[in-house]
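Undergrad: Each chain, letter by letter, is given below.
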Amino acid sequence: MCCCTNLSEGAKAKFAELDAFIDGLGIVADDERRRGRLIQVLHKAQAIFGYLPREVQKHVADKLILTEAQVSGVVSFYNYFTTEPKGKYRVDVCLGTACYVKGSERVLQEIERVLGVKADTVPTADGLFSISALRCVGACGLAPVMVVNGKVYGKVTPAKAVEIINEYKAKG
Amino acid sequence: MNKITNRNELLAAFEACKGKLALRCTNEHDINSTKKELLCCGGTGCHASNSPDLMQNLRDAIEKAGLSADVKVVQTGCFGFCAQGPIVKVMPDNVFYVQVTPEDAQEIVEKHIVGHQLVERLLYVEPMLKERIQDYAKMPFYAKQQRIALRNCGMINPEDITEYIAAEGYQGLAKALFDMDRAGVVQEVLNSGICGRGGAGFPTGMKWKIAASTQADEKYIVCNADEGDPGAFMDRSIMEGDPNSIIEAMAIGGYAIGAQHGLVYIRAEYPLAVHRLQTAINQAREMGLLGQNIMGTDFCFDIDIKLGAGAFVCGEETALIHSMEGMRGEPTTKPPFPANVGGGYWGCSTNVNNVETYASIPVIMTKGAKWYAKIGNWQPQLDENGNFVKTISGNAGTKVFALAGQINNVGLVEVPMGTTLREIIYDVGGGISGGREFKAVQTGGPSGGCITKENLDTPIDYGNLGKIGSMMGSGGMIVLSDKDCMPAMAKFYLGFTKDESCGKCTPCRIGTRRMLEMLEKICDGNGTEETLVELEKLANTIRDTALCGLGQTAPNPILSTLRYFKDEYIAHVVNKKCPAGTCQKLYTLRITDGCIGCTKCKRNCPVGAITGELKQQHTIDPNKCIKCGACIDGCPKKAIVKE
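Just so you know, the sequences run in chain order A and B. Take the first sequence: its position 164, counting from 1, is numbered 164 in the working numbering, and each next residue is one higher. Take the second sequence: its position 117, counting from 1, is numbered 117 in the working numbering, and each next residue is one higher.
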């Protein structure tokens with residue numbers, strides 16, 4: 001295997017988990033419709049690895065018998081996929097219209113200022129937090145909304161957002 | 001439940017199950033009843049407001065009171081009244097409690113369930129009359145609604161197919177399979193006048209007719225659940241609250257056009273909806289309502305879920321199909337249309353409809369096209385056989401709107417077509433929040449436009465919205481007040497479309513970027529009147545030349561705000577002022593002599609820009625100030641102003 005040499009045990013286990021998932025799909029090499037599985041596989045890969053670095057993309061390409069360019073093209077097209085690692089706590093601030101008119105931009109600015117990193121870039125130096133700007137989680141009744149590792153916080157203000165961040169910071 | 005192998009077994013299942021909803025389908029106010037059901041919203045919004053803990057506390061308290069045999073807690077879908085969530089509806093008492101916290105569970109059980117008395121403090125307070133209302137049918141929010149697509153949301157448990165069957169579920173499919181031929185089903189949908197609720201408003205029956213007439217061995221029926229308009233959440237709510245209605249409608253569609261495969265393309269951002277839909281699909285398979293030889297007929301149909309990955313353009317049907325094929329979600333020119341051979345999923349004839357459209361189909365089948373067609377703002381002309389004489393106006397039935405923004409009753413509402421905007425905003429929506437003044441409503445999301453005060457009395461339908469420079473879109477309604485800046489709103493939408501442009505055609509890829517830059521210039525106070533002329537010219541060019549709907553409609557927020565709020569643009573470029581006070585570069589913060597020197601702003605300021613002694617007027621250093629507004633939020637005397 002191309003990319004599985006010199007890997008830590010942890011990484012090997014992750015690749016093994018992904019392989020088990022892909023093998024379960026029954027990919028047939030000469031079936032053009034195998035490509036229809038790509039997004040499903042990338043979702044799984046991102047769930048396992050947390051992000052989609054080049055070696056994972058290459059691995060997926062090999063397993064689905066696609067070119068690396070085809071996989072990379074899809075990964076870069078969709079917002080949901082990320083090629084950068086994320087922090088331990090993923091802070092998503094909704095910038096959907098309902099949240100925007102309720103002041104979510106100010107919430108985002110404050111979180112960016114407090115954590116010292118910009119949205120959709122790198123995690124904080126301690127690896128604890130990464131920030132993303134999100135397009136609508138559909139909880140518009142609670143606008144403005146922020147989400148930390150899937151937990152939704154509604155009606156946040158810049159001050160409340162900082163409190164929430166500090167709670168997670170205290171947990172470490 | 002046993003597998004259903006013929007129509008009589010479905011009727012028998014309905015008879016066996018309908019008792020499940022007996023307590024819930026009553027208009028009585030029977031507070032003394034010993035048998036009760038507590039319906040709790042389990043939608044995404046209320047989930048986030050701790051409704052799972054609330055339900056657990058209610059169950060615990062009921063058990064402690066020894067009432068588990070008679071009193072049940074039921075998790076339902078969304079009630080639509082998201083602003084007041086979490087909601088607990090007690091039946092058969094018809095009592096509606098709002099903003100209930102897990103800590104309130106004990107009191108509800110002790111006082112209401114055991115003591116048969118109302119918990120007054122949890123009742124909804126009507127903001128205009130300042131009255132507490134216990135019956136939801138009397139709330140202005142619900143009184144003007146007619147819930148067809150949302151009929152089961154907030155009524156049944158979405159994770160239990162037997163409750164859907166109890167609500168006459170799958171009867172529409174049975175009627176189609178046993179009483180009608182394929183062409184009859186298509187004609188019925190055509191006669192109902194229903195049009196695509198996802199945005200474009202193409203007649204659904206027409207779409208089905210084209211797909212049905214296509215000769216092909218393999219056809220697909222697709223549900224577009226890629227709800228990309230930020231601020232619209234009706235599709236999520238329907239999938240979370242009534243997933244079986246989508247399954248039933250897709251099966252009806254499959255029968256009508258001759259498809260055996262169904263696919264639901266759903267946003268990955270909606271994990272709860274994915275879970276509920278998958279649960280419903282599994283249950284439908286177990287009961288033989290999906291799979292081989294449905295209800296003993298030779299009709300075979302099954303549904304799979306395809307996850308999206310976050311791309312607005314995938315709401316466009318050709319882009320959606322490419323995404324399902326594992327490619328970049330780029331649209332292609334039509335024809336070939338998806339219904340044509342060569343145009344759909346893997347080249348197969350494919351019919352794509354939106355979630356809300358599907359949700360209405362089972363009712364159209366059971367109650368009939370004529371019943372549906374009579375709802376709304378139009379007079380259908382029928383011949384003696386009940387078929388249409390004139391072309392479809394598209395204004396039949398109901399439409400779900402997601403009310404959000406500066407409005408009191410944020411939530412989902414379903415009203416007949418032709419309801420005026422005034423009724424939606426002031427009666428159903430409860431007016432503008434914070435006592436502000438109404439400025440405009442943005443409909444149609446990033447592709448739509450704004451509607452102003454002058455058009456508040458326009459009956460809402462596809463045609464009328466188009467005439468006043470907006471569009472129906474998926475039904476997102478963002479209400480704006482005098483504190484919202486229109487050029488900034490246009491900038492916000494352009495930021496969205498610029499990010500979401502797939503990059504395939506030049507007008508959209510580069511044009512949206514240029515338009516955004518101009519809007520940034522305007523909002524930063526660097527624009528001139530020439531910028532406005534250029535902006536309008538470019539917007540018109542892009543509208544006429546972009547490849548797909550996303551690009552063609554991207555300039556709409558600009559053109560419509562320029563049309564109705566030119567004065568605000570002028571204020572930005574000539575006077576360098578933002579009348580609404582939202583453009584940060586165009587104002588400074590100043591503390592007036594109303595300041596009592598409480599020091600709160602000084603403590604709140606994250607950058608230490610405020611100085612002043614206790615009990616003396618404070619001042620803000622404009623060079624340090626980042627205009628975050630934390631001082632304004634905290635000031636007890638409202639002594640900090642934007643200038």
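Don't read these hints as lab results, they were simulated from the structure. No residue lacks a Cβ here, since even glycine has one placed at the ideal position from N, Cα and C. Hints should not be assumed to be uniformly reliable.
[To be verified] For the chain B half of the interface with chain A, some residues (derived, Cβ under 8 angstroms), not all of them: (1) 66; (2) 74; (3) 75; (4) 230; (5) 307; (6) 310; (7) 402; (8) 492; (9) 633; (10) 636; (11) 639.
Undergrad: None of the hints should be skipped; say for each whether it holds.
TA: These are the hints, each one checked on the structure:
{"no.": "1", "hint": "66", "result": "34 angstroms, violated"}
{"no.": "2", "hint": "74", "result": "21 angstroms, violated"}
{"no.": "3", "hint": "75", "result": "17 angstroms, violated"}
{"no.": "4", "hint": "230", "result": "3 angstroms, holds"}
{"no.": "5", "hint": "307", "result": "6 angstroms, holds"}
{"no.": "6", "hint": "310", "result": "4 angstroms, holds"}
{"no.": "7", "hint": "402", "result": "6 angstroms, holds"}
{"no.": "8", "hint": "492", "result": "6 angstroms, holds"}
{"no.": "9", "hint": "633", "result": "6 angstroms, holds"}
{"no.": "10", "hint": "636", "result": "15 angstroms, violated"}
{"no.": "11", "hint": "639", "result": "19 angstroms, violated"}
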